[in-house]
Amino acid sequence: MKKEFRQSILDALANPNLSGALGRFSDAYRVSRAKAYEGIDFEAVRTQIAGIKSSAASHFDELAEQFANAAEARGTRVFRTSDPREVNDYILRLARERGVKSIIKSKSMASEEIHLNQHLENAGIQVTESDLGEWIIQLAHQRPSHMVMPAVHMTKEDVAAVFSKNIEEGQQPDIPELVKFARGKLRPMFLNADMGITGANIAVAETGSIVIVTNEGNARLVTTLPRIHVAIVGLEKLIEHFQDIAPILTALPKSATGQLLTSYVSIISGPVPNTDGTPKELHIILMDNRRNEMAHDPRFKQALQCVRCASCLNVCPVFRLVGGHVFGKVYTGGIGTILTAWFDALKESDDIQSLCIQCGNCTEVCPGKIDIPDLILELRRRLAIEKGQPMVQKAIFSVVNNRRMFHAMLRAASIGQKPFARQGFIRHLPMFLGSMTEFRSLPAIADEPLRDSVKKIEQPKCREKAAFFAGCLVDFAYPEIGESVVEVLNKAGIEVIFPEGQTCCGAPARYSGAYEVAAQNAADNIRAMLAEDVDYVVSACPTCTVALKQDFLANLEAVGRSEELPAARQLADKVVDFSTLARQLVEQGRLHFKPGVEPMKFTYHDSCHLKRTLRAEQAPRELMQRAGHELVEMQESDMCCGMSGSYSLKLPELSAPILERKLANIEKTGTPLVLIDCPGCVMQIRGGLDKRSSEIKVEHSAQRLARSLQ
Amino acid sequence: MNVASEPFVMVESFKTRAEAVSAQVQRVATRELAFELILRLLREEDVDDKPGSQAVWADRSIGEAERQRLRRTVPGLTFDVTRELAAEAKVGISRMDWALANTGTLVQTADAVDTRLVSTLPLLHIAMVSTAALLPDIPALLGRVDPRQSAYLSFITGPSRTADIERVLTIGVHGPARLIIVMVDDLEVAA
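Taken in sequence, the protein lines are chains A and B. Numbered by this note's numbering, the letters in the first sequence go through residues 142 to 851 in order. Numbered by this note's numbering, the letters in the second sequence go through residues 570 to 760 in order.
Just so you know, not all the hints are guaranteed correct.
Sample of chain B residues at the chain A side, in silico, Cβ under 10 Å [unchecked claim]:
id	residue
1	Arg586
2	Asn671
3	Asp680
4	Ala681
Just so you know, the hints here were simulated from the structure itself, not pulled from any lab data. The beta-carbon is built from N, C-alpha and C at its ideal position, and this holds for glycine as well.
Input sequences plus hints: build the corresponding full structure.
Here it is as structure tokens:
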């Protein structure tokens, strides 16, 4: 990670305006988005959008051709190019030929992508952004910090200062007055401009129409007052049918700003008369800039389903802390990381991709149904191939995969961390141990790992058997969680075996882009877990469960080990997370709750993988309620705790404030107990509460359940 | 029949949704009453023939005789909309072609430039629309319009707005700060 990059994170965190504004917005956004989608089947709408846009991405060439024919038949001039420089040259040439001196623009990300303003200004043409946020940014010589809200990082005082310095002295920090001032100053710019430049939100191939969505009304003026209108349209805006506008227009405003519809939508299908009666000159530029290449990439094609609503930014626990400037480029946040890797260069995404904490919030809300975290992992994988795996990482994985040695090292390190820390070795460990983090206490490493202690448990001989997959944390730090699992399953008449050959689930390697290592982990675990015929393979770690159920297949596939896929599938079919299995056993009447349990209030923290990948978040809640305990939901129960494996070590400066917010939400419930299904979250949250000397207890659901059963 | 497309349900839904985005909605029985209402609004806004106080009205369905009558009632009202007049005017009046019940949206074929000038440049926009022109939603609208017939299809949902400074909602940036919708029961529906 580059030094300047880490510094930019620290700068952003130190800016209270930014984190304050973004934090408040993300709270309000959650509510307004949900309200806007009331009565609408979001899954159905986004499935439709994903289908429309994916199909368009399969036929960019045909659709561009069809669009150009339809638009040209109406008198529009269409220019198609793959080279962003040609877009700039085309517009400059046109401006010169038509004697254009001033240009008024409405918001266009495509024009920012190609740095059009600079190109035109260098040639002596005056370019004015008319979207209020964009205008403020332009005057302040800054970059937008958010795709939809470019100036969200500035206060009204900042804006007043920018206006006073650049336009007219004495502006006061009064928002309605500032808006009125902008209206007054920009109005003559609209009226006097010779050319208007816009982007487009949608381009319809069969009719040659473009759709422009705004709230301020500036795009209406830009497309009405100047005699020339140039629209810059990225190929990914193409859709085939006019009717297909509907689902996109339904989702875009709701996802972007929580509005049912923006104040203005214009569907332009050809030149219209100017105010002096002459026909408007309408130019539409269809810009490729690697979009076609992206469409031919089997993994990244889905990124073209993006409608640029920026909802992935709004729900991102990292973005709301640091804002867009840390991302450094035109497109920010999760989708921005992917677009930067393509429109700019893969290596440009090296630092920014590391910001992704892999919580999956963005995937839940994306109206284009893009699996953004998965694509970021794919970037990580390709970067790792390009750069080669660092030596220190190789050494770490060889240790992690040798379970005995790993435990011995962790144990030694937890007793006296210093020698290891000094060698800079522990710091790079892909798991939890890390350096002495300031924001949370570390767990003690058990002197006996679960793989040994489990042998001492006297289990009944049963017809049904479950193989337990421990994962690093349960095996080495929290064997008591594993012992609770054994206790519960025994009560239901299931014998638990602990396959000795099991190793790391491969998540740390996978999340570092080291797929060869992850695939080897998969292969070793598949062999170990399938060695004995069992009825279930159970894990008390949702990340491990996801690894066994899904990632093993993906890891093996990614490195071409397809002959091992049938065995991986066989394993996947047997894998179940602890709470889901326990609920099933309760429903089957095989587990019984103790009568007269003293009711206890508790709150529940949703682990990312349990909630958003396994979708099993109801099972632990129901179990505890049936046991007689009272659930008090915390705010944002499903927001990441900031752990995410080695993330909390690589970026402690981000992990810490994410945890802070989680702890505050827990404390607000006033409950004495937090239940969690993930040992990683247990470590993070318990460590954080311990640092605060809090009385609140943190337990894995299995532990509380074991004590609640007869 | 789908409940959401029942005329009464649509009127109520349209009104609720439009008012939720700060538009005012008034419903009248006849075109005559609509004109009376609009003239009253213009007088309340102190429209007269001084620069900056005029009203511009873009509606080709109003015949010359009627225009004269309306102009006589409110000096400063003009039907010959130019860009200069519209930029100066206090009030813009136009006739919209459709209304969408589930978003509170007005829709218009706006190829003629005056229809856009009057609904964008002045601070107050008064929009007439036929009650019978109510459609349930965007898909219903898109099934009815032909982009080959309308080169500029314009959707308006409430007045112009921004939240670009500190996320504080502020009405009236580049377009109107107020939108008054007059729903007219006996007005003819556009083709």
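Comparing the hints with the structure gives:
1. Arg586: holds (7 Å)
2. Asn671: Since the shortest Cβ distance to chain A is 8 Å, the answer is holds.
3. Asp680: holds (5 Å)
4. Ala681: This hint holds: Ala681 (chain B) lies near chain A, its Cβ roughly 7 Å from the closest one there, short of 10 Å.
The earlier numbered hints are all upheld by this structure, with none contradicted.
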